[in-house]
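Let the hints inform the model, and build the full structure from the sequences given.
Top line first, the protein sequences correspond to chains P and G.
Using the working numbering, the letters of the first sequence correspond one by one to residues 1 to 251.
Using the working numbering, the letters of the second sequence correspond one by one to residues 1 to 310.
Any given hint could be a false lead.
Once the Cα atoms are required to be at most 25 angstroms apart in a straight line, the calculated DSS-like pairs of lysine-lysine come out as [to be verified]:
# : chain 1 : residue 1 : chain 2 : residue 2
1 : G       : Lys-105   : G       : Lys-123
2 : G       : Lys-180   : G       : Lys-3
3 : P       : Lys-9     : G       : Lys-105
4 : G       : Lys-233   : G       : Lys-206
5 : P       : Lys-83    : G       : Lys-128
6 : G       : Lys-128   : P       : Lys-9
7 : G       : Lys-180   : P       : Lys-83
Treat the hints as calculated values from the structure; they're not laboratory data.
Bear in mind the structure is a predicted one, so any value in this text is a computation, not a measurement.
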Amino acid sequence: MRQFFILLKREVASFFYSPVAYVVMICFVALTGFDFYFAISVLNRGPAEVTLVEVFFNLLPFWICALLTFPLITMRLFAEEFKLGTIEPLMTAPVQDWQVVLSKYTGALIFYIILWIPSAFYFPIFEWITKAHAALSPGAYLGSYTFILLLGMFYLSIGCLASVLTSNQIIAAILSLAAIIILFLSGFLSYFVLNVTPGFRDFIGYFSTIEHMGNFSHGVFDTRPIVYYLSMTVLTLAVTYQVFQSRKWKS
Amino acid sequence: MIKVENLSKRYAGVTAINNISFEVGKGEIVGFLGPNGAGKSTTMRILSSFMPATSGTASIAGYDVFENSLQARARIGYMPENVPLYADMRVTEYLNYRAALKGVKGRRIRERVGDVKELCNLKDVENKIIGALSKGYRQRVGLADALVHDPDLLILDEPTIGLDPNQIRQVRELIKNLGKRHTILLSTHILPEVEMTCSRVIIINKGRIEASDTPQNLLKQLRTAGGIRLEAKTGTDNGVVELAKITGVKDVTAEKDGEWNTFLLRVEANSDLREEIYRLSVDRRWTVRELSRRKATLEDVFVEITHADI
Chain P
1 MRQFFILLKR EVASFFYSPV AYVVMICFVA LTGFDFYFAI SVLNRGPAEV
51 TLVEVFFNLL PFWICALLTF PLITMRLFAE EFKLGTIEPL MTAPVQDWQV
101 VLSKYTGALI FYIILWIPSA FYFPIFEWIT KAHAALSPGA YLGSYTFILL
151 LGMFYLSIGC LASVLTSNQI IAAILSLAAI IILFLSGFLS YFVLNVTPGF
201 RDFIGYFSTI EHMGNFSHGV FDTRPIVYYL SMTVLTLAVT YQVFQSRKWK
251 S
Chain G
1 MIKVENLSKR YAGVTAINNI SFEVGKGEIV GFLGPNGAGK STTMRILSSF
51 MPATSGTASI AGYDVFENSL QARARIGYMP ENVPLYADMR VTEYLNYRAA
101 LKGVKGRRIR ERVGDVKELC NLKDVENKII GALSKGYRQR VGLADALVHD
151 PDLLILDEPT IGLDPNQIRQ VRELIKNLGK RHTILLSTHI LPEVEMTCSR
201 VIIINKGRIE ASDTPQNLLK QLRTAGGIRL EAKTGTDNGV VELAKITGVK
251 DVTAEKDGEW NTFLLRVEAN SDLREEIYRL SVDRRWTVRE LSRRKATLED
301 VFVEITHADI
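Here you go:
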């Protein structure tokens, strides 16, 4: 366990060794800021049945921002180690494979959480200035951020898998972006397919990220998506672990 | 310290090492020699648990590198070829991280990292970013990393490749000093280095061990080695024919430079025929301006073993 935390510390710090982390953070704040501005202007158009929190987490800039960050955070993780050969000193130190895989994944997750922290201040500032409520209940905040965490856990694990498959960061980024976009768009399948049966629409609904976000930002804690995202995370990480072992042995 | 039995490694279609066995005792400095692609790095990678063998076993201090990999790894300081390092970390930061990762605890980390920085002359670059260091310094960071947890066994893959002559000398001295306290297995192409530092040499070719002995014994076993160089004016004589008549001479080659001839004689191992050649020259009234003997080196051993057909 000691080894895991030593590895984790380096993984988190490694984001900040290069300027990449700072560029990503600044762009992220700028983009979510835009999103926040859009959300307020939507509400300014007239009476609406949604709260600021709901609008903020469901607009297009939010999704662009969210989906693009995953490949950026994860593309480096394994691909760079294989490319530079640093995997060799790493794996000849007395560390276990699972410690390496999990520390890289957890490091990415921690950086992802750090990225979202500034957005949490938008709403109190809004309430302080406008003296209006940004959400109807604390559940909406809790739901929104819980979902962002769930989404991050699953999609970052996809990024890890993509990164462990190749030594090329660009290929890793493209693979994970493609996989994430396909998963995201599959939620819209019922809009594109003709003659949708209600059963099919329900079935697709289980996978529809956008529908999940809608519910959670409403403050509705549905356990089905929670189970879905957590189990998919575990599955993807297990595959990542297997691929990592076989790649290490072949190198 | 190291025990290797019937070890083989096959990649898709290629046999990198083929059924090799050897042992390295505590306190030995063993040089691993072989042409490119002979299987040196593969063997070292298996010993350091980076990759598994296809068949056979290897153990470090009694710990199997596959079954008890963690214990085996904890006892090895391994420096891979080309020394891959995290380019964006600082030297001290990197060594601290590596020390902790290899199980050095708490306050001992500072102490050990300080020691290895001293030992490898890294004090003046300790706060620099590794990516900005020259090749020689990077090599030394790699060596410091291998040493930081004070392992019983050092496995160094080409520790002096890419260094300038001064740096090579420094690293060689360092390795010699380390040999007093550690067991060392090192691979290299640079043969004088092995003669100077190693107590034993293992020559590996095409995945097989061809020889394993002290440098001195290997030289003794040479079938043909060394030679004699003669520069003389032979007048009308055919020097090549005359010289070849001396018993013990295996063959003679000549080069003409005006009136002067330079003869290179290959002789039986460890024989010194200078006296006979001198007498011949006197008898035939040759004018001699050089008569010298070239002693066999490990290079001859290496060439003989790895290119049996030459």
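Comparing the hints with the structure gives:
Between Lys-105 of chain G and Lys-123 of chain G the alpha-carbon distance is near 22 angstroms, which keeps this suggested pair within the 25 angstroms criterion. Under the criterion of a C-alpha separation no larger than 25 angstroms, the hint pairing Lys-180 of chain G with Lys-3 of chain G is consistent with the structure, at around 21 angstroms. Simply put, Lys-9 of chain P and Lys-105 of chain G have alpha-carbon atoms about 16 angstroms apart, close enough for the 25 angstroms limit, and the pair holds. Between Lys-233 of chain G and Lys-206 of chain G, the direct Cα distance comes to roughly 45 angstroms. Violation of the 25 angstroms bound is thereby established for this hinted pair.
Between Lys-83 of chain P and Lys-128 of chain G, the direct Cα distance comes to roughly 23 angstroms. Compliance with the 25 angstroms bound is thereby established for this hinted pair. Using a Cα cut-off of 25 angstroms, the hinted pair Lys-128 of chain G and Lys-9 of chain P holds, with the two alpha carbons roughly 20 angstroms apart. Annotation: proposed proximity of Lys-180 of chain G to Lys-83 of chain P is violated, straight-line Cα distance about 36 angstroms (limit 25 angstroms).
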